[in-house]
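First to last, the protein sequences are chains A and B. Every position in the first sequence, counted from 1, becomes a number in the working numbering once 1126 is added. Every position in the second sequence, counted from 1, becomes a number in the working numbering once 157 is added.
Derived from the structure by calculation, the hints contain no laboratory data. All values derive from a computational prediction rather than experimental measurement. Idealized CB from N, CA, C, for every residue including glycine. Hints may be right or wrong, so weigh each one.
Stated by the list, open to error - Partial chain A-side listing against chain B, Cβ under 10 Å, derived:
1) Q1163
2) P1182
3) L1191
4) G1202
5) K1203
6) S1227
7) K1229
8) G1230
9) K1239
10) S1244
11) L1245
12) V1246
13) S1252
What the hints assert, rightly or not - Straight line, CA to CA, 20 Å or less: simulated SDA-like cross-link-like pairs of lysine to any residue:
14) A:K1229 <-> B:G560
15) B:K556 <-> A:L1191
16) A:K1238 <-> B:V508
17) B:K554 <-> A:H1234
18) A:K1296 <-> B:K556
19) B:K554 <-> A:M1226
20) B:K556 <-> A:P1182
21) A:K1238 <-> B:L551
The lines below spell out each chain.
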Amino acid sequence: MTKRKWTRAVCALSLLAALAAACLPSGGAAARPAPPQAPTELAVIVNKSNPVENLPLSELREYFLAERGNWPGGGGKVRVVMLDPGVPTRETALRLIYNMSEKGYVNHFLGKKFRGESLVEPRQQSSAADVIKFVSFVPGAIGYVRPEEVDASVKVIRVDGLAPGDPGYKLRL
Amino acid sequence: MIPKPSRNAGAVLAALCLALSVLAPSARAASDAKGGAAARALPKRLVLLRAGAHDGSRVEISSDSPLDDCESFREGDDFSVRIPWAVSAGARGLSPEGRFYRSARVEERGDSVLVTFGLREGASARLARGFNRLEVTFAGAAPAATPSNTSEAAMLREMREQIAALEARVRELEARQPAQPAPTEAAAATSAAALSAQPVPAEPRAAAQHGDHDAEQSGAPRLQIQGFADVNLNASSERGSHTSFALGQLDLFITSRLSEKFDVLSELIIEANRRNEFTFEIHRLLLQYTPNDNLRLGIGRFHTAIGYYNTAYHHGSWFQTAANRPFIFAFEGKGGILPLHNVGLQATGRVPGAPWGLRYVAEVGNGRASRSPLDAAVQTALDENNRKAFNFGLFAKPKSARGLQAGFSVYRDRLTPEGAQTVGQTIGAGYVVFQNDRYESLNEFLLMRLSSGGRVYNTPAFYTQFARQFGSLRPFFRYQYVNVPRDNPLYADVGRRNGPALGVRYDVSNFAAFKAQYERTSRRARPTLDELFLQFAFTF
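Let's have the full structure, built from the sequences with the hints guiding it.
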């Protein structure tokens, strides 16, 4: 390739790149829809048959991130249940539990699947009532709702020894 | 004579980066302007349910978002509730007429939902606000029994009788069965989905969810396919090369859960070779058994756990920030020197009771064939000797430092090239990586030691890569180095290669990225190589 040809090729490529960058829509705006009125506190719920009463926040994160797939003491598989994307409570959970954006969350579970570490992604439900129903039915389930949405069919676990409403509770914005 | 395009290339690269950094934010700003409306259009889901009051004196409106911005008003006999920025998800259980109203309508008007009750004579209504719930309470003198009220009462009586009959039938069936199994996850999901006020039917919705392998429900495992692909435009200063568009690898990543503890994953790769012919290869096929967090056993063909990059990114170019792999992790068929694929057994899991989230990986397999143009590097069906390759690694993912991972591995094999002495191969690798939503820092070093005929040949290699996310843009820098001795019995042609790479990744959507990368590679006894890569990588 002569010097002139090389220069032409590189110029053409850079022009193409610039055009592509200018014309393509951004995924960033869609990934950060800033939903209003997200809850400021979350209650973590498990099935009533689950003997776990308290979890350190770091361990709770491991369950939600599928770094741990089984409950301690032969308690069976962990089944994480999430609210659908766009639900304000999910935004709060991504921030407080996952410390991730929606895109980071998707990438995380796609990556885990790709590496063969976990083929099971969190199940998604559209409303808190569905989350509660799911957790109340499935022994290994764990999910989150607003504290005021909890009913007697599920158990709220403490995080680092604190319950929702306690001073210093960590799942609070 | 090889031209020296580096000055031009550098200038154009700078222009390219400038253009990207100027144009991309403007594109995003434009998109944000539209996206503002899109974000605003993100609707509240609205559920209408008849309240528990049997006399029809209350209607409940609930939503998954706070309903503190609603208003009610009365026009003549109509009592209306306007819920801004909402959509209707149906009006389950809300009868079109009731004791206190002769009509009920749910309409979507622009961004709002309007619920209107045509009140009967003498009836009144008021709105009570809860957090995410509204109650319309009706009062007033109940009208005399009309034909419609009479028919409604008759219908209710009939329904009660039917319910009583069904309850009796259920009790009878329950008495016949010795014990009911515990409710399954699938049943719970179905039940929960049935409760959902989403207008989407429950079954398609459940089926659409990723990872819902309800094998138990249908009786047979379900295959899930995730595709990864990339399309490239490459330019190089290498003599004889041409600027070319190129299809990258089409990676079909297939998974299936066979049971709670068994699953299968596979990667099928279709790609074009340098003769423009398509080739097909099974790059991964692994049957996995996972009894608990401390053990996951796999058998089949897998990616050798040498270092970090090989098992983190495999063939999914969409996952990686850069347009290409560091050349120390180049695939065997593309001049790479590492045994990146192996066929055999693999065990991995957490080290019980160990701190820092310590995990292990142990592998035994055929290893890689001795290098020969005629050999397939990966010994998928036949090993060239009886000696197996072993690999053992430990790595830590501390809970207290999320995103950090550090580890090392040692790989050992014996190669038997035809007509030459056997070669003992030992590969030690170590890495420290940190990745979160904003930063990426990958650092790996490696030493390959070959011993043959009483001599030892050491090949050191490393790369370091740093990237920072700015919105959808992720500029990155990488420096890499590998130095194969001139007299290396297997890989002398690789020689010494080192140099920087600079580029940017732009996420055009959550599942597609555009990458532009400039790479400059100094080579022992060969001209310095300047390369430009433009790539669209995506998953689908």
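Now for the hints, and whether the structure bears them out:
1. The beta carbon of Q1163 of chain A comes within 5 Å of a beta carbon in chain B, closer than 10 Å, and the hint placing it at the interface holds.
2. For P1182 of chain A, the shortest C-beta to C-beta distance to chain B is roughly 8 Å, which falls under 10 Å, so the interface hint holds.
3. Given the 10 Å rule on beta carbons, the hint for L1191 of chain A holds: about 9 Å separates it from the nearest Cβ of chain B.
4. With a least beta-carbon distance of about 9 Å to chain B, the hint placing G1202 of chain A at the interface is held under the 10 Å criterion.
5. Taking 10 Å as the C-beta cut-off, the interface hint given for K1203 of chain A holds, the closest approach to chain B being about 6 Å.
6. Annotation: interface hint on S1227 of chain A holds; nearest CB of chain B at approximately 6 Å, less than 10 Å.
7. Hint status for K1229 of chain A relative to chain B: holds, with the closest Cβ pair at about 5 Å, below 10 Å.
8. Look at G1230 of chain A: its Cβ gets to within about 5 Å of chain B, closer than 10 Å, so that hint holds up.
9. Contact between K1239 of chain A and chain B, as hinted, is supported at the beta carbon level, the nearest pair being about 6 Å apart and thus within 10 Å.
10. The interface hint given for S1244 of chain A holds, since its Cβ lies 9 Å from the closest Cβ of chain B, which is under the 10 Å cut-off.
11. Evaluation of the L1245 of chain A hint against chain B yields a held restraint, the C-beta minimum of about 5 Å falling below 10 Å.
12. Annotation: interface hint on V1246 of chain A holds; nearest CB of chain B at approximately 5 Å, less than 10 Å.
13. For S1252 of chain A, the interface hint holds, the least distance from its beta-carbon to any beta-carbon of chain B being 5 Å, beneath 10 Å.
14. For the given pair, K1229 of chain A sits about 16 Å from G560 of chain B by alpha-carbon distance, which is consistent with the 20 Å threshold.
15. The suggested pairing of K556 of chain B with L1191 of chain A holds, with an alpha-carbon distance near 11 Å, which does not exceed 20 Å.
16. Simply put, K1238 of chain A and V508 of chain B have alpha-carbon atoms about 19 Å apart, close enough for the 20 Å limit, and the pair holds.
17. Distance check on the hinted pair: K554 of chain B and H1234 of chain A sit about 15 Å apart at the alpha-carbon level, within 20 Å; holds.
18. With a CA separation close to 16 Å, the supplied pair K1296 of chain A and K556 of chain B stays within the 20 Å bound.
19. In summary, the hint linking K554 of chain B to M1226 of chain A is supported, as the alpha carbons are separated by about 17 Å, within the 20 Å threshold.
20. For the suggested pair K556 of chain B and P1182 of chain A, the alpha carbons sit about 11 Å apart, so the restraint of at most 20 Å is met.
21. Note on K1238 of chain A and L551 of chain B: the hinted pairing holds, with a Cα-Cα distance of about 18 Å set against a maximum of 20 Å.
Consistency with the previously given hints is maintained throughout, with no hint failing.
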